[in-house]
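2 protein chains.
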Amino acid sequence: MSGSLVIVGLGPGSSDLLTPAAASALHAATDLVGYDRYLDRIPEIIVGQRRHASGNRVETDRARHALTLAAEGRKVAVVSGGDPGVFAMAAAVVEAIEAGDPAWRELDIHVEPGITAMLAAAAEVGAPLGADFCAISLSDNLKPWQTIERRLRAAAEGDFVIALYNPASLARPHQLGRAFDLLRASKPPQTIVLFVRCAATTEARVVMTDLAKADAAVADMRTLVIIGASATRLISRKGQRPWVYTPRAEQQVVR
Amino acid sequence: MSGSLVIVGLGPGSSDLLTPAAASALHAATDLVGYDRYLDRIPEIIVGQRRHASGNRVETDRARHALTLAAEGRKVAVVSGGDPGVFAMAAAVVEAIEAGDPAWRELDIHVEPGITAMLAAAAEVGAPLGADFCAISLSDNLKPWQTIERRLRAAAEGDFVIALYNPASLARPHQLGRAFDLLRASKPPQTIVLFVRCAATTEARVVMTDLAKADAAVADMRTLVIIGASATRLISRKGQRPWVYTPRAEQQVVR
Numbered sequence: 001m002s003g004s005l006v007i008v009g010l011g012p013g014s015s016d017l018l019t020p021a022a023a024s025a026l027h028a029a030t031d032l033v034g035y036d037r038y039l040d041r042i043p044e045i046i047v048g049q050r051r052h053a054s055g056n057r058v059e060t061d062r063a064r065h066a067l068t069l070a071a072e073g074r075k076v077a078v079v080s081g082g083d084p085g086v087f088a089m090a091a092a093v094v095e096a097i098e099a100g101d102p103a104w105r106e107l108d109i110h111v112e113p114g115i116t117a118m119l120a121a122a123a124e125v126g127a128p129l130g131a132d133f134c135a136i137s138l139s140d141n142l143k144p145w146q147t148i149e150r151r152l153r154a155a156a157e158g159d160f161v162i163a164l165y166n167p168a169s170l171a172r173p174h175q176l177g178r179a180f181d182l183l184r185a186s187k188p189p190q191t192i193v194l195f196v197r198c199a200a201t202t203e204a205r206v207v208m209t210d211l212a213k214a215d216a217a218v219a220d221m222r223t224l225v226i227i228g229a230s231a232t233r234l235i236s237r238k239g240q241r242p243w244v245y246t247p248r249a250e251q252q253v254v255r
Numbered sequence: 001m002s003g004s005l006v007i008v009g010l011g012p013g014s015s016d017l018l019t020p021a022a023a024s025a026l027h028a029a030t031d032l033v034g035y036d037r038y039l040d041r042i043p044e045i046i047v048g049q050r051r052h053a054s055g056n057r058v059e060t061d062r063a064r065h066a067l068t069l070a071a072e073g074r075k076v077a078v079v080s081g082g083d084p085g086v087f088a089m090a091a092a093v094v095e096a097i098e099a100g101d102p103a104w105r106e107l108d109i110h111v112e113p114g115i116t117a118m119l120a121a122a123a124e125v126g127a128p129l130g131a132d133f134c135a136i137s138l139s140d141n142l143k144p145w146q147t148i149e150r151r152l153r154a155a156a157e158g159d160f161v162i163a164l165y166n167p168a169s170l171a172r173p174h175q176l177g178r179a180f181d182l183l184r185a186s187k188p189p190q191t192i193v194l195f196v197r198c199a200a201t202t203e204a205r206v207v208m209t210d211l212a213k214a215d216a217a218v219a220d221m222r223t224l225v226i227i228g229a230s231a232t233r234l235i236s237r238k239g240q241r242p243w244v245y246t247p248r249a250e251q252q253v254v255r
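Heads up: the sequence lines are chains A and B, in that order. Mapping of the first sequence onto our numbering: position 199 corresponds to residue 199, and the numbering continues sequentially without gaps. Mapping of the second sequence onto our numbering: position 148 corresponds to residue 148, and the numbering continues sequentially without gaps.
It should be emphasised that the hints constitute simulated quantities derived from the structure, not laboratory data. Heads up, a few of these hints could be off.
Chain copies aren't distinguished; within one or between two, either way the pair holds.
[Claimed, not checked] Simulated crosslink set (EDC-like; lysine to aspartate or glutamate; CA at most 16 Å straight-line):
| id | residue 1 | residue 2 |
| --- | --- | --- |
| 1 | LYS238 | ASP101 |
| 2 | LYS238 | ASP108 |
| 3 | LYS238 | GLU106 |
| 4 | LYS213 | ASP181 |
Given the structure is predicted, the values throughout are model-derived calculations rather than measurements.
With the hints as extra help, turn the sequences into a complete structure.
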């Protein structure tokens with residue numbers, strides 16, 4: 001019996017943003033492997049399907065466990081929030097393959113993409129990612145803070161819209177404030193800053209402010225932070241939250 | 001009768017990557033507005049539903065037309081390839097609102113996210129976007145080439161993985177070669193370059209090479225180009241295309 005492994009993107013949370021391809025992959029699996037909070041989102045529908053839940057910060061162990069199960073002939077689905085390729089389980093699985101049993105390289109493995117958080121967050125507010133943008137994880141669990149600062153500086157230098165993943169957690173309460181301070185040195189105070197929590201779910205919450213006033217304490221681990229480019233702007237609406245967008249057309253930037 | 005407008009992300013093309021929310025939005029519309037090639041993807045299912053097809057390069061006209069129909073009380077779906085917020089129709093619609101009839105600001109409008117091309121392309125090959133990355137459109141129809149060069153330089157400076165949208169078209173055959181030349185000045189020759197055409201469809205085609213050998217002629221308007229960060233690498237597999245990934249863990253970068 002030959003096993004397989006699929007790394008499935010669950011999207012932002014609501015089932016109507018789970019692709020049919022991802023739903024099929026979950027149905028076809030004999031074993032679901034994932035962070036307990038993500039597994040809890042999947043209804044128990046298949047009798048005999050096994051669930052292997054683990055904590056948030058053990059991606060490498062989880063990836064090895066999933067590969068071991070697949071090598072034993074199980075049909076494994078590793079579940080990932082958002083898209084598996086964006087600060088999620090796809091890189092963890094390939095890392096485990098590289099460092100692990102050579103037989104793992106011959107396994108039938110594929111990735112099912114999903115709606116990543118910045119797309120859902122952008123959709124809540126208009127089109128803030130309408131021009132060139134970058135995505136940076138603020139977690140320094142796996143990379144030096146100096147690398148994060150270098151990327152923030154480069155993003156400001158290139159006038160990219162910036163999407164910040166993992167802006168804060170209980171273990172890392174200070175990074176976002178440091179990132180705002182760094183950006184204040186080179187971006188105008190009126191630069192638009194958005195905090196979008198639980199985008200595309202019934203709990204969605206949006207805070208719109210600017211870089212001068214942005215308070216890092218607004219963010220938690222379920223928040224995606226978007227920092228505008230110089231052209232990003234608000235379109236006011238009567239009795240509704242303004243639209244935020246970054247125009248496609250850009251003028252020559254004077255350096 | 002009160003109209004509405006939804007900007008719907010169709011994803012990369014195959015119906016099993018269209019979210020249920022996007023499919024519902026298409027079903028609920030009285031009028032579908034979009035680039036003819038995207039409208040052709042949607043099966044004719046609803047009797048009486050009107051279709052308004054237009055060419056690829058008339059986004060602003062299309063956005064105004066859609067807003068006019070919504071203001072007349074129609075339930076309009078503007079269709080967009082990939083995700084509407086990434087180099088697609090969401091920014092065009094908000095731009096048209098900003099410049100248009102003040103009554104358009106009061107319309108019921110929302111955005112349905114989709115799987116954008118870089119996520120589908122990444123899923124084809126492993127996890128190339130596994131660390132910090134940026135997305136740049138190489139089209140200079142709406143921004144000066146100098147702005148694009150500034151962003152490419154900043155992306156290299158920050159050691160981001162780079163996803164290039166709109167790398168080439170019949171009207172713009174030279175941009176990608178110029179972008180490669182610019183990046184060759186600051187990134188190592190062995191930097192991984194991926195050309196992914198029609199990702200997540202039956203016509204998907206992948207070319208893996210490096211920056212020294214990358215030939216811009218491989219790309220067309222249906223190709224997404226990914227240029228690795230310094231850590232992006234290949235994992236060889238017997239008889240199969242290698243995996244490509246960017247490790248989550250990064251060492252201190254010596255500047």
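(message) Checking an output row: LYS213 and ASP181, CA cutoff 16 Å. Within, between, both or neither?
(response) Result: close within a single copy only, 11 Å intra versus 41 Å inter.
(message) Cα distance capped at 16 Å. Does LYS238 pair with GLU106 within a copy, between copies, both, or neither?
(response) Classified as between: cross-chain Cα gap 7 Å, same-chain 58 Å, threshold 16 Å.
(message) Reference check for the pair LYS238 and ASP101, CA-CA at most 16 Å: within, between, both, or neither?
(response) between (60 Å within a copy, 14 Å between copies)
(request) Give the relationship of LYS238 and ASP108 under a CA distance limit of 16 Å: within one copy only, between copies only, both, or neither. (result) Close across copies (12 Å), not inside one copy (54 Å); limit 16 Å.
Every hint from the earlier list agrees with this structure, and none is contradicted.
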